[in-house]
Amino acid sequence: MGVTRTGTARRGHWARRGAMLLVAAGMAGAVAACGSSDDGSAAASESSSVAVPASGALSGQWRGDWQVDGKTTEAHLLVVGDDPFLATLDVQGACGATWTQKSRDGDTVTVDTTVTYGQCRSQPWTLTVGPTTITATDGQTSVEFTRS
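Residue 137 in the working numbering sits at position 130 of the sequence shown; the count goes up by one each step and never skips.
To be clear, the hints were calculated from the coordinates, so they are not data collected in a lab. Treat the hints with care, since some could be wrong.
Restraint ranges, calculated between C-beta atoms of paired labels, are given here [as the list claims (entries may be wrong)]:
hint	residue 1	residue 2	range
1	G146	T79	27 to 37 angstroms
2	K78	G113	19 to 29 angstroms
3	D76	P138	26 to 36 angstroms
4	K78	D112	30 to 40 angstroms
5	T123	Q74	29 to 39 angstroms
6	P138	G77	25 to 35 angstroms
7	D112	G77	27 to 37 angstroms
8	Q147	G63	14 to 24 angstroms
9	G77	G146	16 to 26 angstroms
The beta-carbon is built from N, C-alpha and C at its ideal position, and this holds for glycine as well.
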């Protein structure tokens, strides 16, 4: 009996993991499609002046302290793709959003915000990405994320 239960739990785990990967791959594909012009050529918003982390180097969980209404709140950033940059943001108990790369110049990435819940501001953010930190600002709020 114990083997059957473990097998079922394991299959459920892999099914959920596979579904998450399919969603992430779909989001990355949609973002890549948005980065092309109508004539099929790639958008010319990138610069090779600064080395950009290899694709996937930033992927994973990041954590930062966010100022919301004068209070410090924990924020989580799940980076799905580096280039183009794609991440989901969760400001604990306040709001959530998807950040999608709009342009890139070396290690500076401008992202558009799509609010998924709560009262996040739906406006562009400027990110400075590095191997150990991602600093984000919208002109009013600034937060530094580190790997969690």
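Evaluation of the provided hints:
In this structure the hint that G146 and T79 lie 27 to 37 angstroms apart at CB is violated, the actual value being about 19 angstroms. Roughly 34 angstroms separates the CB atoms of K78 and G113, a value that falls outside the hinted 19 to 29 angstroms. For D76 and P138, the Cβ-Cβ distance of about 32 angstroms falls inside the hinted range of 26 to 36 angstroms, so the restraint holds. A hinted range of 30 to 40 angstroms holds for the C-beta pair K78 and D112, which are about 33 angstroms apart.
Here the CB-CB span from T123 to Q74 is close to 20 angstroms, at odds with the stated 29 to 39 angstroms. Between P138 and G77 the beta carbons are some 32 angstroms apart, a value that agrees with the proposed interval 25 to 35 angstroms. A C-beta distance of roughly 33 angstroms is found between D112 and G77, which places it inside the suggested range of 27 to 37 angstroms. Take Q147 and G63: their Cβ atoms lie about 31 angstroms apart, and the range 14 to 24 angstroms is violated.
The hint said 16 to 26 angstroms for the Cβ distance between G77 and G146, and at roughly 18 angstroms that hint holds.
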